[in-house]
Amino acid sequence: KNQVEQSPQSLIILEGKNCTLQCNYTVSPFSNLRWYKQDTGRGPVSLTIMTFSENTKSNGRYTATLDADTKQSSLHITASQLSDSASYICVVTPGTGGFKTIFGAGTRLFVKA
Amino acid sequence: GAVVSQHPSRVICKSGTSVKIECRSLDFQATTMFWYRQFPKQSLMLMATSNEGSKATYEQGVEKDKFLINHASLTLSTLTVTSAHPEDSSFYICSAPGTGEAFFGQGTRLTVV
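So the sequence lines, in the order shown, correspond to chains A and B.
First residue of the first sequence? That's 1 in my numbering, and the numbers climb one at a time after it.
First residue of the second sequence? That's 1001 in my numbering, and the numbers climb one at a time after it.
Derived from the structure by calculation, the hints contain no laboratory data.
No residue lacks a Cβ here, since even glycine has one placed at the ideal position from N, Cα and C.
Please note that a few of the clues may not be correct.
In silico negatives: residues of chain A with every beta carbon more than 10 angstroms from chain B [as the list claims (entries may be wrong)]: (1) Gln-22; (2) Arg-42; (3) Asn-55; (4) His-76; (5) Phe-103.
To spell it out: a stretch of chain B is covered by chain A in this simulated footprint if at least three of its residues, at any positions, have a beta carbon under 8 angstroms from a beta carbon of chain A; those stretches are [what the hints assert, rightly or not]: (6) 1036–1044; (7) 1106–1113.
Listed next, the in silico DSS-like pairs over lysine-lysine satisfying Cα-Cα at most 27 angstroms (straight line) [stated by the list, open to error]: (8) B/Lys-1020 to A/Lys-17; (9) B/Lys-1041 to B/Lys-1064; (10) B/Lys-1041 to A/Lys-112; (11) A/Lys-71 to B/Lys-1064.
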């Protein structure tokens, strides 16, 4: 069964600190993996997208890594800001085509001053 | 980048009434759109796939007669929650596939009282 699991479920960090969020998936075949940021009550916004051949992708203070062999991805946030408080969702698209994506449950990040 | 506009952002309705949610792709055409539902602290759950010019495809457990989907044009899909009940209160989000990824609407917070 295709699944996407994220950890931790929630995380509290101090402003300015770094953090890393994890995503493990069992989706096969695999097309691409995306990280989204979802503010409360808003739609998800794309942060990074990686195909199976890519190992890392950066977007400002966000850096995503992908290990297609172990089926693991991480999202590293550098020098966190209060506005980083949100849910971060790992989304995997199967290689069967289309955009019928599989969502992880998300990690809720709280950045405190 | 591509934009998907969803309207309304919030709606409160009485039990038994119907509510229509619109999803528009503003600067690109979308022959397919996806409708998701998200309960508090849970991940997005795919409800149905909207296809321009043909019937929508519903996920298992989603009542097609209750959640009416119409994809009237290449830029507009609508979701109508018919005879709404309090348990239908949720966050509804649409998405449309663009080049290489999916773009999400802002979401609609539905509260049925």
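Checklist entry - So which hints don't hold here, by number, going up? => result Violated hints (numbers, rising): 2, 5, 8, 11; every other hint is consistent with the structure.
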